[in-house]
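There are 2 protein chains.
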Amino acid sequence: MADNVLVVHGGGPTAVINSSLYGVLKEAKRQPQVDKVYAAIGGSEGILKERFLDLLQYPEEKLKLLLKTPATAIGSSRYALEQEDYEAMVGIFQKYNIKYVLLNGGNGTMDTCGRIYEVCKDAGIRVVGIPKTIDNDIALTDHTPGFGSAARYIAATTAEIGADVKSMPIHVCIIEAMGRNAGWVTAASALARKKTGDAPHLIYLPERPFDEKEFLEDVKRLHEEMGGVVIVASEGLKNEKGEPIVPPIFKTERAVYYGDVSAYLAELVIKKLGIKARSEKPGISGRASIAWQSPVDRNEAILAGSVALKAAIEGKSGVMVGFIREETADGSYKMHTELLPIKEVMMHERVLPDYYITDRGNDVTSEFIEWCRPLIGPELQEFVDFQEEYVLWRE
Amino acid sequence: MADNVLVVHGGGPTAVINSSLYGVLKEAKRQPQVDKVYAAIGGSEGILKERFLDLLQYPEEKLKLLLKTPATAIGSSRYALEQEDYEAMVGIFQKYNIKYVLLNGGNGTMDTCGRIYEVCKDAGIRVVGIPKTIDNDIALTDHTPGFGSAARYIAATTAEIGADVKSMPIHVCIIEAMGRNAGWVTAASALARKKTGDAPHLIYLPERPFDEKEFLEDVKRLHEEMGGVVIVASEGLKNEKGEPIVPPIFKTERAVYYGDVSAYLAELVIKKLGIKARSEKPGISGRASIAWQSPVDRNEAILAGSVALKAAIEGKSGVMVGFIREETADGSYKMHTELLPIKEVMMHERVLPDYYITDRGNDVTSEFIEWCRPLIGPELQEFVDFQEEYVLWRE
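Those sequence lines, one after another, are chains F and C. So in the working numbering, spot 203 of the first sequence is number 191, and the numbers just go up one at a time. So in the working numbering, spot 291 of the second sequence is number 279, and the numbers just go up one at a time.
The hints are simulated quantities; they were obtained by calculation from the structure and are not laboratory data. Incorrect hints may appear among the rest.
DSS-like, lysine-lysine: derived pairs with alpha carbons at most 27 Å apart [to be verified]:
{"#": "1", "chain 1": "F", "residue 1": "Lys52", "chain 2": "F", "residue 2": "Lys322"}
{"#": "2", "chain 1": "F", "residue 1": "Lys24", "chain 2": "F", "residue 2": "Lys50"}
{"#": "3", "chain 1": "F", "residue 1": "Lys183", "chain 2": "C", "residue 2": "Lys50"}
{"#": "4", "chain 1": "C", "residue 1": "Lys239", "chain 2": "F", "residue 2": "Lys264"}
{"#": "5", "chain 1": "F", "residue 1": "Lys37", "chain 2": "C", "residue 2": "Lys264"}
{"#": "6", "chain 1": "C", "residue 1": "Lys239", "chain 2": "F", "residue 2": "Lys201"}
{"#": "7", "chain 1": "C", "residue 1": "Lys56", "chain 2": "F", "residue 2": "Lys182"}
{"#": "8", "chain 1": "F", "residue 1": "Lys229", "chain 2": "F", "residue 2": "Lys239"}
{"#": "9", "chain 1": "F", "residue 1": "Lys109", "chain 2": "F", "residue 2": "Lys24"}
Pairwise CB distance ranges (calculated) [as the list claims (entries may be wrong)]:
{"#": "10", "chain 1": "C", "residue 1": "Gln369", "chain 2": "F", "residue 2": "Lys331", "range": "37 to 47 Å"}
{"#": "11", "chain 1": "C", "residue 1": "Thr346", "chain 2": "F", "residue 2": "Tyr246", "range": "31 to 41 Å"}
{"#": "12", "chain 1": "C", "residue 1": "Tyr246", "chain 2": "F", "residue 2": "Glu205", "range": "20 to 30 Å"}
All figures in this text were calculated on a predicted structure; none of them were measured in a lab. Beta carbons: idealized from backbone N, C-alpha and C, even for Gly.
One chain only, chain F, in its complex shape:
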């Protein structure tokens, strides 16, 4: 009897999580010992409820659509598993003759991956992690599939909003970016710039305590200089005490709900400076946009899926596929994959290092931009800037 594969998605979707699923299917078709590739419908809960769907039953033309499908085509969950859940899984895997379990997700899912590995290691079932998170906060890997597309989305969106604000420079515009603890996506908005003076004019990251006084000083100065100011702020900005800058709007026993950082900062600008301000919060669009999917990200996501299955078949287990960037003579972008021990990955959340943030904490450094640029794919479209031409022409 041939062996089966199980793919499980965990946590929030990205624009390329389905591309990794496609990568698994592509590899499975190359491997004669693989019979079925099951998807656990609805994430880890799908394992316990034995909601399995064999994906190889679909024709290639349908599977190819996965490369352009937002969200997760097989569902996901944030279900918190108990120890008894983990133990129950081994029997379920055996019942379906599942020999290779691939978990695609972020830090929470890699933790689950490590625990499933523990319960499976004596049963000959191999467990491999596929990294996925727009937040880019997984340790040891240079970056994670999903980040490049979220970065491309925020850069393009900031460029478009920047063009709009520049063409009628009457207000301060605050864009909220995803990433509550790590500022990678927020920082990537800097890729919107083509020349000095382009949006974003200020960038605020969760890695630095938010200083209201300095913020208002910076906004006031830039508004006087340019009229229109574009700011990108992380949804997770915190004050010096490490508390969210937005006061909680509601608390239940299970959770605390906060308002939007962008709306909070816009209100601050209106009230304290008397300057017209508005908030833009693309929110979930930032991880679901297929229009701004990065082709580099998509290809790496496919690779991660393929490499994960190949590793499991070759006998690896308790590892995650990581991306290692290579030094090249001409500075061009090159990377390879490595299998990282899941135990080490599980240890910490990766935030933006200090050398990627300016001293004043209101922008990123050129080192960050250099690191980030290849991940978002082809250069953003050249916008025609007749206004700029006009200035040159008159002087």
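Let chain F serve as the given structure and place chain C on it in line with the hints.
The following block gives chain C in isolation, referenced to the frame of chain F:
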């Protein structure tokens, strides 16, 4: 001496306002008596400050980029003109030998257009309006350039967010759409649907008083049925008294500032129903997105620019280019342009008629969808829905 053309942009940009500018330039190249096509840099203020830029100096390859440039490439303004400003304009037009003045904008700009026409009519200067607004609220025309792209953006964004919410159905997601007085863009989110149960699940328009009790009933019921609920709400929702549902956050002598409707409704759902809710407010992206520009909209915008210049050269003045939809035997989309007297256009703002809104006021009718569909361009991409397949497969 040959005659010159002046193009002026007014009010907020759209994804295709630069396409109309391109249409003017295209037509100008065909007309031997046209020498220069000036742009008034920064809108109507640019006329008074004589900030004119000759656009025909640029090579065609650069001008073609206008078709894909967000915002307005020559600036815009919301500057309120005084009677003396209008009178000063005639001399300025004569100084630059401007014989054709084309104003591209929404209702406010068409008002300006009518007033400039009044002061110019005895001076042999012809004034023609090019309609432009994502709000689609200009009278007498079937629709306005700019709307089709904003409609495509909100439909695509709602479909992507809908896919995300469906793949992890744990919350209520409220998307805020632009259009403070007219619900055309909000309504267009219905184009995201491919089958029953698809997002958006509820649509709230500014044309109907917002009923909090019915809203909460509807959200509760849908959350129980589906887990994830996607709602699209206009930024301008009002209560029975005609007041904005969001209390003002700040008042100055000049203006009143309101918070975001989406955040307000999300807070309502959290507090009153205890259900996790989040707000998404793409805001300015909704009018600046080139990725979701509708090709139908772009072509009509080019046409509007060309027709406007042609009309002026043929001796027309005090008119706006309007779009008239034709009845066709096979129901296919066909329209032609007509020159509408600007005096009649100036008279009223066009809102969504009753027959486009359902009785309960929480959705649009199939008549609206039929009317809107051709404007957004090619059908939105088919998303793969394996979750749906799974349900079919198990039953």
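Status of the hints after comparison with the structure:
| no. | hint | result |
| --- | --- | --- |
| 1 | F:Lys52 to F:Lys322 | holds, 26 Å |
| 2 | F:Lys24 to F:Lys50 | holds, 17 Å |
| 3 | F:Lys183 to C:Lys50 | holds, 18 Å |
| 4 | C:Lys239 to F:Lys264 | holds, 11 Å |
| 5 | F:Lys37 to C:Lys264 | holds, 24 Å |
| 6 | C:Lys239 to F:Lys201 | holds, 22 Å |
| 7 | C:Lys56 to F:Lys182 | holds, 17 Å |
| 8 | F:Lys229 to F:Lys239 | holds, 20 Å |
| 9 | F:Lys109 to F:Lys24 | holds, 21 Å |
| 10 | C:Gln369 to F:Lys331: 37 to 47 Å | holds, 40 Å |
| 11 | C:Thr346 to F:Tyr246: 31 to 41 Å | holds, 34 Å |
| 12 | C:Tyr246 to F:Glu205: 20 to 30 Å | holds, 26 Å |
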